[in-house]
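Enquirer: Listed below, chain by chain, are the residues.
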Amino acid sequence: MEIFLQQIVNGLVVGSVYALVALGYTMVYGILGLINFAHGDLVMVGALTALQTMMFLMGVAPGMSPIAMLTLSLLVAVPVCMLLAFTMERLAYRPLRNAPRLAPLITAIGVSFLLQTLAMIIWGRNYHTFPQLISTTPIQPIEGVFITPIQITIIIVSALMMAALVLLVTKTKLGRAMRATAENHRVAALMGVDTNMIIALTFVIGAALAAVAGVMFASNYGIAHYGMGFMPGLKAFTAAVLGGIGNLGGAMLGGVVLGLVESFGAGYIEHLTFGFLNSSYQDIFAFIILGLVLIFRPTGLLGERVSDRA
Amino acid sequence: MNELALAVPWLGKRNPQAARWLVIAIAIGAPLVAMMFGRTWVRVLDFALLYILLALGLNLVVGFAGLLDLGYIAFYAVGAYTAAFLASPHFDLHMPIWIVLPLAAFFAAMAGITLGFPVLRLRGDYLAIVTLGFGEIVRIFMNNLNYPINITNGPQGINSLDPIMLFGWDLSRNLQVTEELAVNSLFLYYYFFLACVVGSIIFIQRLQISRVGRAWAAMRDDELAAKAIGINTRNMKLLAFSLGATFGGVSGVLFGTFQGFVSPESFSLMESIAVLTMVVFGGMGNIAGAIVGAIILSALPEILRHLAVPVQQAVFGHVLLDPEVLRMLLLSLAMILMMLLRPAGLIPANAKYSHIRHLKAKGVTE
Chain A
-11 MEIFLQQIVN
-1 GLVVGSVYAL
9 VALGYTMVYG
19 ILGLINFAHG
29 DLVMVGALTA
39 LQTMMFLMGV
49 APGMSPIAML
59 TLSLLVAVPV
69 CMLLAFTMER
79 LAYRPLRNAP
89 RLAPLITAIG
99 VSFLLQTLAM
109 IIWGRNYHTF
119 PQLISTTPIQ
129 PIEGVFITPI
139 QITIIIVSAL
149 MMAALVLLVT
159 KTKLGRAMRA
169 TAENHRVAAL
179 MGVDTNMIIA
189 LTFVIGAALA
199 AVAGVMFASN
209 YGIAHYGMGF
219 MPGLKAFTAA
229 VLGGIGNLGG
239 AMLGGVVLGL
249 VESFGAGYIE
259 HLTFGFLNSS
269 YQDIFAFIIL
279 GLVLIFRPTG
289 LLGERVSDRA
Chain B
27 MNELALAVPW
37 LGKRNPQAAR
47 WLVIAIAIGA
57 PLVAMMFGRT
67 WVRVLDFALL
77 YILLALGLNL
87 VVGFAGLLDL
97 GYIAFYAVGA
107 YTAAFLASPH
117 FDLHMPIWIV
127 LPLAAFFAAM
137 AGITLGFPVL
147 RLRGDYLAIV
157 TLGFGEIVRI
167 FMNNLNYPIN
177 ITNGPQGINS
187 LDPIMLFGWD
197 LSRNLQVTEE
207 LAVNSLFLYY
217 YFFLACVVGS
227 IIFIQRLQIS
237 RVGRAWAAMR
247 DDELAAKAIG
257 INTRNMKLLA
267 FSLGATFGGV
277 SGVLFGTFQG
287 FVSPESFSLM
297 ESIAVLTMVV
307 FGGMGNIAGA
317 IVGAIILSAL
327 PEILRHLAVP
337 VQQAVFGHVL
347 LDPEVLRMLL
357 LSLAMILMML
367 LRPAGLIPAN
377 AKYSHIRHLK
387 AKGVTE
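Protein chains in written order, with this note's numbering: chain A, -11 to 298; chain B, 27 to 392.
Among the hints, erroneous ones may be present.
Far from chain B by the CB rule (all over 10 Å, computed), these chain A residues [as the list claims (entries may be wrong)]:
(1) Leu(-7)
(2) Phe44
(3) Ile55
(4) Pro83
(5) Thr136
(6) Val145
(7) Lys159
(8) Arg174
(9) Val175
(10) Asp182
(11) Val245
Partial list, derived from the structure: chain A residues whose beta carbon lies under 10 Å from chain B [stated by the list, open to error]:
(12) Phe25
(13) Ala80
(14) Leu90
(15) Ala91
Think of the hints as simulated: they come from the structure by calculation, not from any bench.
Note that the Cβ used here is the ideal one computed from N, Cα and C, for glycine as well.
Work the whole structure out from these sequences, hints included.
Expert: Quick look at the structure:
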């Protein structure tokens, strides 16, 4: 029972990070029908930029409080990622908007590898220790179940950001323009929506979420390196598909479900396969889920879109 | 051959006959020229031929049938590991190449069908990401199947694979012609691989103009219409996956036995992307494109490796970008810029029904 509860806690923490990243995927997919492979790498850029900022701050003002330092580094990392996403959209994706659909997909893979390479050039290939500014000493709310303050922060921050995003999309004028563009570009443009700007903004908002997710992801594990974004990116995409791509609620639900499946899978796989497989197989769950969802329920848990878009 | 000859700059269109002889001369003479610069360059050429085989196989799947496969390297891995299991001290089996090669081709084809069946309904980007997942799953298993029963030897990989023996003739030994004159084993491998590539080219050319090839083209250009005129798209897709995989498997065997060593590291996502970039860069759906793409993108990093390090040392005093970084940079830029500037590739496919310009003009977006 304690293991069960513990896995729920772990699953929720990882799941909420996946959900944040998945939102970016799902928004871009909803509006352009493009899998932005490079979205996962924005997570990495966010984390490493924040790390760089923290290093700088520690040098300049060693006595600064951890919360202030974290906030300041987020204030640097988020705009950097937003700018990067804006540039990406403008230079790589916009010219290909009317190209055959294979072209933007291949470009997206290229952009993803380009970001990783650039990060490798700037920050090297090593794993960097990410300062754990929020305590990682576990507390026990229930006997035998451990949760760290950073994990609580992750859950709260993700929940707040998701709520803000939902409000933005459902209540504001900008959100309405986004939904209209996702529905139909040309009609939206005829109604006076600057669709180019809306698409760029979608990328930028997604990037902001990814940057925050990156910082939280790195502070949870205490490490950061150039390749750290790719796998979570793929998993976030899986989460988006699982929830029903193009659907904000679906992305959040998918993220949490995927996080839970993964942590239960990693926790119980050894018993289920009589010790033949172990927790090093953790990464296969996302891909298996992805395959199963696409085969049996291509619309995902909450989605209505058809999967046959190609 | 014709496609390749036509692609020769300045000569191909004007005098295809001469261009053809030129291509043949280059193919035969390349290792002799490379040898003048050192043995490593012959090795680079050997690897380039392996990449050509891989690119030709992936081109069947992506270029001919229009199925974007990002897990292609998994089939390469199946081939290489089959060779490692059947012909190495690891399980102490030493089967001859004539058994290993067909078996590996068979296993790879089976893997192709295993992947193909569940994803038959998927197209485009969904297909891409599921195949990517398949490749990753295969890699995770290769990496971890050393416990509790040691099958793949985990991340360490499997050592000392048996070399290729053709009719009692060991390709890994230098061929002693006379007392002083010996043909280096790298040359033997080169010509053996070249024979495989030429065989594949002839096979693929026949395939392209066959019913199957035309059915693939129809399916790629418009799946619904293809179905409507009676093409069994399910079988055609499975055939594309399994045939492409067979090529991957065969090149995997060649790679494993040539290198004498296999480990999961050689079969990462990066390699899948690299092969895809070769196909895209050269021109999808086009034999010459796949070959030219494979040669350029496998040789260029090696050339950079030998140029960039000394140049950087001379200019900056130390190495800023190491060769592996340069390779990644090159591949990613090739993908992005190619799509932006020349989406049909270096050598656009010139079959009437597959020309990207015709499709664009008709407003077909797939």
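Enquirer: Holds or violated: is there a CB of chain B closer than 10 Å to the CB of Ala91 (chain A)?
Expert: 5 Å, holds
Enquirer: Have a go at the Phe25 (chain A) hint: is there a Cβ in chain B nearer than 10 Å to its own Cβ?
Expert: 9 Å, holds
Enquirer: Please verify that the nearest CB of chain B lies beyond 10 Å from Thr136 (chain A)'s CB.
Expert: The claim stands: Thr136 (chain A) keeps its Cβ more than 10 Å from every Cβ of chain B (closest is about 28 Å).
Enquirer: Is the Cβ of Leu(-7) (chain A) more than 10 Å away from each Cβ in chain B?
Expert: 28 Å, holds
Enquirer: Would you say Phe44 (chain A) is clear of chain B, with no C-beta pair closer than or equal to 10 Å?
Expert: 22 Å, holds
Enquirer: Does the no-contact call for Ile55 (chain A) survive, Cβ to all of chain B over 10 Å?
Expert: Per Cβ check, Ile55 (chain A) is outside 10 Å of chain B; nearest 37 Å; holds.
Enquirer: Have a go at the Leu90 (chain A) hint: is there a Cβ in chain B nearer than 10 Å to its own Cβ?
Expert: This interface hint holds because 6 Å falls under the 10 Å limit.
Enquirer: May I ask you to check that Lys159 (chain A) keeps its beta-carbon over 10 Å from the closest beta-carbon of chain B?
Expert: 31 Å, holds
Enquirer: Was the hint right that Ala80 (chain A) lines chain B, CB cutoff 10 Å?
Expert: At about 6 Å, which falls below the 10 Å cut-off, the nearest Cβ of chain B leaves the hint on Ala80 (chain A) intact, so it holds.
Enquirer: Does the claim that Val245 (chain A) lies outside the interface with chain B hold up, using a Cβ gap greater than 10 Å?
Expert: Given a closest Cβ separation of 17 Å, the condition holds.
Enquirer: Just want to verify: Val175 (chain A) was marked as not at the interface with chain B; is every Cβ pair farther apart than 10 Å?
Expert: Given that every Cβ of chain B is farther than 10 Å from that of Val175 (chain A), nearest at about 18 Å, it holds.
Enquirer: Is the Cβ of Arg174 (chain A) more than 10 Å away from each Cβ in chain B?
Expert: 14 Å, holds
Of the hints listed earlier, the one the structure fails to meet is number 4.
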